[in-house]
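K.L.:
Following the hints, position chain B against chain A.
Listed below, chain by chain, are the residues.
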Amino acid sequence: MFAGREVGTLRSMFTTPSALVGVVVLATVVVCAIFADVISPVDPAQQHLLYRLSPPGTVSEDGVTFVLGTDGLGRDVLSGIIHGSRVSLIVAVTAVGLGMLIGVALGLVSGYSGGWLDTVIMRAVDVTIVLPFMLMALVLRLALGPGLGSIVIALGISGWATHARLVRGEVLSLRNKEYVLASVANGAPHGFIMLRRILPHVLASAIVLASLQVGVTIVAEASLTFLGLGVPPEIPSWGQMLANGRDYMTRAWWVTTFSGLAIVLTVLALNLIGDWLRDYRDPRLER
Amino acid sequence: MSEAHDDGRVLLEIKGLTTAFSLAEGDFNAVDNVSFSVKEGRTLSLVGESGSGKSMTALSVMGLVPSPGKVVAGEVLLDGRNLLDMSAREMRKIRGAEISMIFQQPTSALNPTYRVGTQIREVFKLHRDWTRQVETEKVIAALRAVGMPDPEARLRAYPHELSGGMAQRVMIAMALACEPRILIADEPTTALDVTIQSQILELIRELQSSSDTSVILITHDLGVVAEMADEVAVMYAGEIVETTDVETLFDEPLHPYTKGLMGSVPVLGDPRPRLEAIPGTVPNLTELSVGCRFASRCQARIEAGLTVCQTHHPELVEVRPGHAVRCWLYSGQEVAE
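From first to last, the protein sequence lines stand for chains A and B.
So in this note's numbering, spot 97 of the first sequence is number 94, and the numbers just go up one at a time.
Remember, this note's numbering sits 150 above the position in the second sequence when you count from 1.
If we strip away everything but chain A, and leave its shape as in the complex, we get:
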């Protein structure tokens, strides 16, 4: 039965062109991230000083082709983008995962218990949502100090509130379902009901939200890095490349264009997948 449902999922994916495009693009990015060392033509940190700011397609004397050109220090842009996908994906996925973990847990407790606890958690959500996401991440990152870990925490904490609000809303309607009442009537304790009876229903929409959030978070990470508050400069990242390329934008358009394109395509792919997931889950939309 479960297998049947998964076959249905796959079929729906292949019959929705936008979803297919999203999956293909994202899969490419994931493969790049995993096999960056194998795929990338040269070491992204290696400086080919003689070939600084070479346009795309330049071939060096020792036979290296700079497919997407080089940056101001003669580093290969393509290799940088391939390696940069690692940071983007890891930071975004773990940050969203962290935010989802906090948000789902608090939303579950908030919606289920109600009363003053609900009020406290929801006011905290309001406060978090009122602050602009970037500003919040920026302040948190400054408070936490440099390092990859603190970026993840800063972005994760900035994103928990939407999850908490979404989950709470769903829990409120699920809490009064007869099957939840039936579970209580069977003598089930609260923890059991929350984790086994309510959580599975909530998780699907939380995952949809997360898939859309990953895109936003990639942009946020790149923005933080662009501002010099994100990923340390020694790790290749898309935000860093954008920042470096900015100074040469009039002379060497390829540095910023291709790293920017990498961000745009990845986020677009995630949004296409997220949209499809949402539609697929919603039985009211004919598929």
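Derived by calculation from the structure, the hints in this document are not laboratory data.
Check the hints yourself; a few may be wrong.
Calculated from the model, a selection of chain A residues having no Cβ within reach of chain B, i.e. all distances over 12 Å [said to hold, decoys possible]:
| # | residue |
| --- | --- |
| 1 | V20 |
| 2 | T25 |
| 3 | H45 |
| 4 | T116 |
| 5 | L137 |
| 6 | L141 |
| 7 | I150 |
| 8 | N173 |
| 9 | K174 |
| 10 | V177 |
| 11 | S180 |
| 12 | A201 |
| 13 | T254 |
| 14 | V264 |
Some, not all, of what chain A presents toward chain B, calculated at C-beta under 10 Å [said to hold, decoys possible]:
| # | residue |
| --- | --- |
| 15 | P52 |
| 16 | P53 |
| 17 | G54 |
| 18 | G111 |
| 19 | G112 |
| 20 | E175 |
| 21 | Y176 |
| 22 | V181 |
| 23 | N183 |
| 24 | G184 |
| 25 | A185 |
| 26 | H187 |
| 27 | R193 |
| 28 | G257 |
Here are the simulated BS3-like pairs of lysine-lysine, each with C-alpha atoms no more than 27 Å apart in a straight line [unchecked claim]:
| # | chain 1 | residue 1 | chain 2 | residue 2 |
| --- | --- | --- | --- | --- |
| 29 | A | K174 | B | K243 |
| 30 | B | K275 | A | K174 |
| 31 | B | K288 | B | K243 |
| 32 | B | K220 | A | K174 |
Please read all numbers here as calculations on a predicted model, not as lab measurements.
We put the CB at the ideal spot given by N, CA and C, even for glycine.
P.N.:
Here is chain B on its own, set in the frame of chain A:
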């Protein structure tokens, strides 16, 4: 059903149960000073219109009154232990194991994301310390006991794959899995069509007689009452207005409301051209009059020329052994003969 007067041991006794709600529109008692007792192996039926407090009485017994409701007075004695004094932990041990409940909508009382077998197994996980294999055997046995065809395969079915009748059988299997002493059935057949309805009632009766379970049957259907109940308590606007055994109730209903209910049931071969309806509607519980709650709809009061009904609230008075009525027509000097 016929030997309604013999003495069974009282298993569950409810005394003065009062459940209050306090809403923005005002405070009211959804269940008001309700007392009844359930004997071992017998069926008590709570009858009344929607909003009369039947379901809320059952939820109060289970300790499942939804917020902002609260049981404010009374006792629920199971073998002399007051359930209302129990801690949440103790109460969880009672629910599902000693008192269990089946609901009106079987398809919505089953969790759509879990297989049927998993949901029955839940009860064992909560109340029994069995190995997985024993649990599976017991789940199959429970499904077989409720007449589920091919229980080994149905175990793996999801609720949406079952018909309403089959889903209600699963609910009954789940409710009776731990052999509870009391089964509360809240309109168990209302959502089912008539042929399935009789099958389900038959099943409940069979299981009841084989295991000596007591049943509290909540219904608005007097046909179901006649078929199933030993004792009946008629509820109106949160209180019991008449209580007696089932035969007396049908032979000799006393309260004008009970009579009205009887009159509104179609009978085969009945020469009446129209069914009689009780005029008016159930009063709003937040604005009850000081008098009898049924007074505004009561024809008998006008015919008897009683005025006390609108000024004084009648008590539930035993007019003969085992038959009590809350009506001025039958109490004290006001008895109309």
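K.L.:
Work down the list of hints and note, for each, if the structure agrees.
P.N.:
Results for each hint:
With a closest Cβ-Cβ approach of about 26 Å to chain B, V20 of chain A is found to remain outside the 12 Å limit, as its non-interface label requires. For T25 of chain A, the condition that its CB be more than 12 Å from all CB atoms of chain B holds, with the nearest at approximately 34 Å. For H45 of chain A, the requirement that its beta carbon stay farther than 12 Å from each beta carbon of chain B is met, with the minimum near 57 Å. At roughly 14 Å, the least C-beta separation between T116 of chain A and chain B is larger than 12 Å, which holds for a residue marked as non-interface.
Against chain B, the non-interface label of L137 of chain A holds: every CB pair exceeds 12 Å, the least being about 36 Å. Non-interface call for L141 of chain A relative to chain B: holds, since the shortest CB-CB distance, roughly 38 Å, exceeds 12 Å. Non-interface status of I150 of chain A relative to chain B is upheld: no Cβ of that chain comes within 12 Å, the nearest being about 33 Å off. For N173 of chain A, the requirement that its beta carbon stay farther than 12 Å from each beta carbon of chain B is not met, with the minimum near 8 Å.
Look at K174 of chain A: its CB is around 7 Å from the nearest CB on chain B, not clear of 12 Å, so calling it non-interface is violated. Not every beta carbon of chain B lies more than 12 Å from that of V177 of chain A, the smallest distance being close to 8 Å; the non-interface claim is violated. For S180 of chain A, the requirement that its beta carbon stay farther than 12 Å from each beta carbon of chain B is not met, with the minimum near 7 Å. With a cut of 12 Å on Cβ distances, A201 of chain A falls inside the contact zone with chain B, its closest approach being about 10 Å.
With a least beta-carbon separation of about 47 Å from chain B, T254 of chain A lies farther than 12 Å from that chain, consistent with its non-interface assignment. For V264 of chain A, the non-interface assignment is confirmed: its Cβ lies about 32 Å from the closest Cβ of chain B, beyond the 12 Å cut-off. Because the smallest distance between the Cβ of P52 of chain A and any Cβ of chain B comes to about 56 Å, over 10 Å, the interface hint for this residue is violated. Using the Cβ-Cβ criterion of 10 Å, the hint placing P53 of chain A at the interface with chain B is not satisfied: the shortest such distance is roughly 52 Å.
Interface restraint check: G54 of chain A against chain B, minimum CB-CB distance 54 Å, threshold 10 Å, status violated. The interface hint given for G111 of chain A is met, as the beta carbon of that residue sits about 7 Å from the closest beta carbon of chain B, less than 10 Å. Annotation: interface hint on G112 of chain A holds; nearest CB of chain B at approximately 8 Å, less than 10 Å. A distance limit of 10 Å between C-beta atoms decides the matter here; for E175 of chain A the minimum to chain B is near 4 Å, and the interface restraint holds.
For Y176 of chain A, the interface hint holds, the least distance from its beta-carbon to any beta-carbon of chain B being 4 Å, beneath 10 Å. The interface hint given for V181 of chain A is met, as the beta carbon of that residue sits about 6 Å from the closest beta carbon of chain B, less than 10 Å. For N183 of chain A, the suggested interface contact is upheld, since its CB lies about 4 Å from the closest CB of chain B, less than 10 Å. Evaluation of the G184 of chain A hint against chain B yields a held restraint, the C-beta minimum of about 4 Å falling below 10 Å.
A hinted interface residue such as A185 of chain A counts as satisfied when its beta carbon comes closer than 10 Å to some beta carbon of chain B; here the least separation is about 6 Å, so the hint holds. Of the supplied interface hints, the one on H187 of chain A holds, with its beta-carbon coming within about 9 Å of a beta-carbon of chain B, less than 10 Å. Residue-level restraint check for R193 of chain A holds (minimum Cβ-Cβ distance to chain B is 8 Å; threshold 10 Å). For the restraint placing G257 of chain A at the interface with chain B, the shortest Cβ-Cβ distance is roughly 42 Å, beyond the 10 Å limit, so the hint is violated.
Taking the CA atoms of K174 of chain A and K243 of chain B, the gap is near 22 Å; set against the 27 Å cutoff, the hint holds. As the CA atoms of K275 of chain B and K174 of chain A are separated by approximately 22 Å, the hinted pair is consistent with the 27 Å bound. Annotation: proposed proximity of K288 of chain B to K243 of chain B holds, straight-line Cα distance about 19 Å (limit 27 Å). With a C-alpha separation of about 20 Å, the suggested pairing of K220 of chain B with K174 of chain A holds against the 27 Å cut-off.
The structure shown violates the earlier hints numbered 8, 9, 10, 11, 12, 15, 16, 17, 28.
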